[in-house]
Amino acid sequence: MKKYIALILCFSIISIGFLSGCVSDDNEIKIIQFDYDSDVVNSGDKVMLFWTVTGATSVSLDQGIGNVSLVGDITLVLNETTEFTLTAKNTNKTVSDTIIVYVKNNSYSDSIIIDDDSFEQAKRDMFEFNNVILYKDSLEITVSYSGGCEDHVFELISKEAFMESDPVQIDLVLSHDANDDLCEAYITETLVFNISKLKQKWQNEYGQDAGIIILLLEDYPEEIRYIFGAGFFSFLNVTIQTDHDVYGINGTIQVKIYLENLKDNNVTLNFSSSKVADFHCKNNSDEVVYRWSNERGFDDAITPVIIPAKSKIELFNFSWYRISNAEELLENGVYTLQGWIPGFYYVDENIDYSSSPGPSIYSDTIEITFV
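The working numbering numbers the first residue of the sequence shown as 1 and each following residue consecutively.
Be careful, since some hints might not be right.
[As the list claims (entries may be wrong)] Simulated pairs of lysine to aspartate or glutamate, EDC-like, Cα-Cα distance not exceeding 20 Å: (1) 199 with 189; (2) 256 with 364; (3) 159 with 219; (4) 201 with 243; (5) 312 with 364; (6) 199 with 160; (7) 197 with 110; (8) 159 with 218.
[Stated by the list, open to error] Label pairs and their in silico Cβ distance ranges: (9) 260 with 60: 39 to 45 Å; (10) 244 with 166: 47 to 53 Å; (11) 186 with 237: 51 to 57 Å; (12) 369 with 187: 20 to 26 Å; (13) 308 with 121: 33 to 39 Å; (14) 148 with 331: 57 to 63 Å.
Everything labelled a hint here was simulated from the structure, so no lab data went into it. For each residue, glycine too, the CB sits at the ideal point set by N, CA and C.
Please model the entire structure based on the sequences and the hints provided.
The following block contains the structure:
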């Protein structure tokens, strides 16, 4: 199976609408975002890649895409598992990031098995753990073993019941069937398993969206924390609003995004750049035709946002002229808008996102009509 390569990226800084910045003088390339809307798709499905880069004079994507803007997105149809590398350059440095989108008709087709009998009957032929990485719902396990003459079968299996603790725990085993391989070549392989079934099981049993499961992988010396859902931040409410529901051909859409704090105390969110909100517009085919952050640069300094107790603040106010990111007038019809705030650093007595930003928080969608 292909190895997932960790994300790294780069960025350039220019002035923006509601929070201003300036061109960076230190020529430092930094990561703000290089991501996708789905890391696993079926053959023929669409996937959107999006990125934000500062400190670069040129940015390019491989796979025949070529030069791209500092901030942007692209929607692609994939028929096979594909690695995408984004490369950013300035006069002093070149950096790149690689992400991989798995297509289920290829080697990435393994999903966790939740079954007590399978757990007890798991094959336990010898192998060594080299590395274990959890990214979103994908558990990547790199192993080494002796062989080379037979197919080796690995399965990730969990018990059926959570162990009640805070957070809950569950036992996992990586089953290895060497098929009596007597050869002695030393093989290293990276396996990727979709563990979203555990998340769904937890959500069904506990009736909540967001949670933590401690994964106890047999013979692996460290516990693995599976964190999911934006519900940790249920005290925050993001809403998007326009000044009208219907717009003519010359209409200007006034888009506002509000952030409400439902707590009894003030809340401070520390964003990793001056991008503290964003929105997109989708057509009736569910395609993103406009994203506000496209081709915009952002100051990469930590940007704190303070929301007073039991209060709502206007976080974003932008006049949009019915033009797509391709600089084309949008056709008449019904469109949906959705706003969000990107992941931010936040710590309280229950939540610790001090080392990496938490999940983005999205508003409900609203409809507008162009006539």
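Here is what the structure says about each hint:
Pair hint residue 199 plus residue 189 does not hold up; C-alpha atoms about 26 Å apart against a cutoff of 20 Å. For the suggested pair residue 256 and residue 364, the alpha carbons sit about 13 Å apart, so the restraint of at most 20 Å is met. Straight-line distance between C-alpha atoms of residue 159 and residue 219 comes to about 15 Å, which keeps the hinted pair within the 20 Å bound. Under the criterion of a C-alpha separation no larger than 20 Å, the hint pairing residue 201 with residue 243 is inconsistent with the structure, at around 42 Å.
With a C-alpha separation of about 16 Å, the suggested pairing of residue 312 with residue 364 holds against the 20 Å cut-off. For a cut-off of 20 Å, the pair hint linking residue 199 to residue 160 stands: about 13 Å separates their Cα positions. Restraint check for residue 197 and residue 110: satisfied, since their Cα atoms lie roughly 12 Å apart, inside the 20 Å limit. Using a Cα cut-off of 20 Å, the hinted pair residue 159 and residue 218 holds, with the two alpha carbons roughly 11 Å apart.
Checked against the hint of 39 to 45 Å, the pair residue 260 and residue 60 passes, with Cβ atoms roughly 40 Å apart. A hinted range of 47 to 53 Å for the beta carbons of residue 244 and residue 166 is consistent with their spacing of about 48 Å. In this structure the supplied range 51 to 57 Å holds for residue 186 paired with residue 237, their Cβ-Cβ distance being about 54 Å. Separated by about 59 Å at the C-beta atoms, residue 369 and residue 187 break the suggested range of 20 to 26 Å.
Under the hint 33 to 39 Å, the C-beta atoms of residue 308 and residue 121, about 57 Å apart, miss the expected range. Evaluation of the 57 to 63 Å hint for residue 148 and residue 331 yields a pass: the beta carbon distance comes to about 58 Å.
Going down the numbered hints, you'll see the structure goes against 1, 4, 12 and 13, while the others check out.
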